[in-house]
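Here is how the chains run, residue by residue.
There are 2 protein chains.
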Amino acid sequence: MVKAVLSVVLMLVVVSSTIAKYIPKTGKRVPQTLSRGWGDQLIWAQTYEEALYWSRSRNKPLMVLFHLEDCPHSQALKKVFSENNEIQKTLDEDFIVLNLMYETTDKHLSPDGQYVPRILFVDPSMTVRADINGRYANRMYAYETGDINLLISNMQKAKKLLKGEL
Amino acid sequence: MVKAVLSVVLMLVVVSSTIAKYIPKTGKRVPQTLSRGWGDQLIWAQTYEEALYWSRSRNKPLMVLFHLEDCPHSQALKKVFSENNEIQKTLDEDFIVLNLMYETTDKHLSPDGQYVPRILFVDPSMTVRADINGRYANRMYAYETGDINLLISNMQKAKKLLKGEL
Chain A
1 MVKAVLSVVL MLVVVSSTIA KYIPKTGKRV PQTLSRGWGD QLIWAQTYEE
51 ALYWSRSRNK PLMVLFHLED CPHSQALKKV FSENNEIQKT LDEDFIVLNL
101 MYETTDKHLS PDGQYVPRIL FVDPSMTVRA DINGRYANRM YAYETGDINL
151 LISNMQKAKK LLKGEL
Chain B
1 MVKAVLSVVL MLVVVSSTIA KYIPKTGKRV PQTLSRGWGD QLIWAQTYEE
51 ALYWSRSRNK PLMVLFHLED CPHSQALKKV FSENNEIQKT LDEDFIVLNL
101 MYETTDKHLS PDGQYVPRIL FVDPSMTVRA DINGRYANRM YAYETGDINL
151 LISNMQKAKK LLKGEL
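Top line first, the protein sequences correspond to chains A and B.
Sequential numbering of the first sequence, starting at 1, is according to our numbering.
Sequential numbering of the second sequence, starting at 1, is according to our numbering.
Take these hints with a grain of salt, some might be off.
[Stated by the list, open to error] Beta-carbon label-pair distances, calculated as ranges: (1) A:Lys163 <-> B:Asn149: 47 to 55 Å; (2) A:His108 <-> B:Pro111: 27 to 35 Å; (3) B:Leu161 <-> A:His108: 33 to 41 Å; (4) A:Lys160 <-> B:Val80: 46 to 54 Å; (5) A:Ile148 <-> B:Lys160: 46 to 54 Å; (6) B:Gln114 <-> A:Lys160: 31 to 39 Å; (7) B:Lys160 <-> A:Asp106: 32 to 40 Å; (8) B:Asn138 <-> A:Tyr136: 48 to 56 Å; (9) B:Pro111 <-> A:Lys163: 36 to 44 Å.
These are calculated hints, taken from the structure and not from any lab test.
Where a beta carbon is used, it is the ideal one built from N, C-alpha and C, also for glycine.
Chain A on its own, in the form it takes in the complex (with noise of 0.2 Å):
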C-alpha cells in the first residue's frame, strides 16, 4: 500500500516536472555547447573581450579558431583536431581558447582577411601573433586536416610569450 502511494507520488512529480519545462513547438533541442565540437574537455572563452581578459590575467597565449558549422573544411578539421590528444592536452594546460562563428570588430583577427577555418595566435600582452601562420601564401592563417604537425609547431612558437624575447 505505501509502495502504491509512494509510486502515484514519484509519478505526479515526474509529470509535473515534465509539465514544468518549457519546450519549443519544434520539439526538445540538444543544449548548445561552447566547445561546438572542437574539444568539449576544453574550458572555452564565450567572447574576445573575456579571452583576452584570461589571457592578460593568466598569462597563457590566447588560440582563436574561427569555423563555420556548414563549412566542410571547418568540419574536417575540426574532426582532427577534437581527437588529437597533443593538440588537446596542450591547449587545455597552456592556452585559453575561444571559438567564434561570427567575426569580431577587431581588424587585427583578419590580417588577411575574413576567411574560415582560419586560426590566429594572440600574445598575453594583447599582440596578434600574425607571425604565425599556416602554409597558405593566399590564406596565411587557414589549415587543412593535413596540416595538423604544422599547428601543433605553431601552438608551441606561440607558447613562447613575446616579453620571454626581449
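Could you slot chain B onto chain A? The hints should help.
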C-alpha cells in the same frame, strides 16, 4: 567461441576509445553550455556581434542579460527566469537572446554602469532601448526575483519595435 571473440573485440574497442579521448588531469568535465542555465531550450547567441546580426536579419528584438555565476542575485533570478514558461516561450519565439558574464566594449549596454544582474533590450535597428527599465532608480536595468512580471511586461514593450512606432 564466436561470442567470446566478439566480446574481446568489443572490450578492445571500448578500451581504445576510452584511451583515445583526452581527459584533463583534474577529471572529466561537463561541457559548458551557452545557456549557462538561463534556458537550455533557447537558442543563445554567443557574442554581441552575432546577436546584433540575428536581431537585424530576423527583425526580432534582442535581450542581453549580464550575470555572474558567483552573484547570488543573478543565481536567484536565473532560477525564476529559467522556470518561467511564459518568459521562455516568448524569448524562444519572439526574441534573440544573449547572456554574458563579461562586459562588451559597447558603452550603450551599460547606460548607468556595469552591474549584475542587468537586462537590456536592443531594437533590430540596433538601438539600445534605454527607455525599457526596471524599478530601481540607482540600477535602472536590474531585476530581482519579485520583478518577473515587470520583466514580462517590458518584454512586451520591446516586442513593439521602434520602427513600428514611427
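Hint check results:
{"no.": "1", "hint": "A:Lys163 <-> B:Asn149: 47 to 55 Å", "in the structure": "holds, 53 Å"}
{"no.": "2", "hint": "A:His108 <-> B:Pro111: 27 to 35 Å", "in the structure": "holds, 28 Å"}
{"no.": "3", "hint": "B:Leu161 <-> A:His108: 33 to 41 Å", "in the structure": "holds, 35 Å"}
{"no.": "4", "hint": "A:Lys160 <-> B:Val80: 46 to 54 Å", "in the structure": "holds, 49 Å"}
{"no.": "5", "hint": "A:Ile148 <-> B:Lys160: 46 to 54 Å", "in the structure": "holds, 52 Å"}
{"no.": "6", "hint": "B:Gln114 <-> A:Lys160: 31 to 39 Å", "in the structure": "holds, 35 Å"}
{"no.": "7", "hint": "B:Lys160 <-> A:Asp106: 32 to 40 Å", "in the structure": "holds, 34 Å"}
{"no.": "8", "hint": "B:Asn138 <-> A:Tyr136: 48 to 56 Å", "in the structure": "holds, 54 Å"}
{"no.": "9", "hint": "B:Pro111 <-> A:Lys163: 36 to 44 Å", "in the structure": "holds, 37 Å"}
In the structure shown, no violation is registered for any of the earlier numbered hints.
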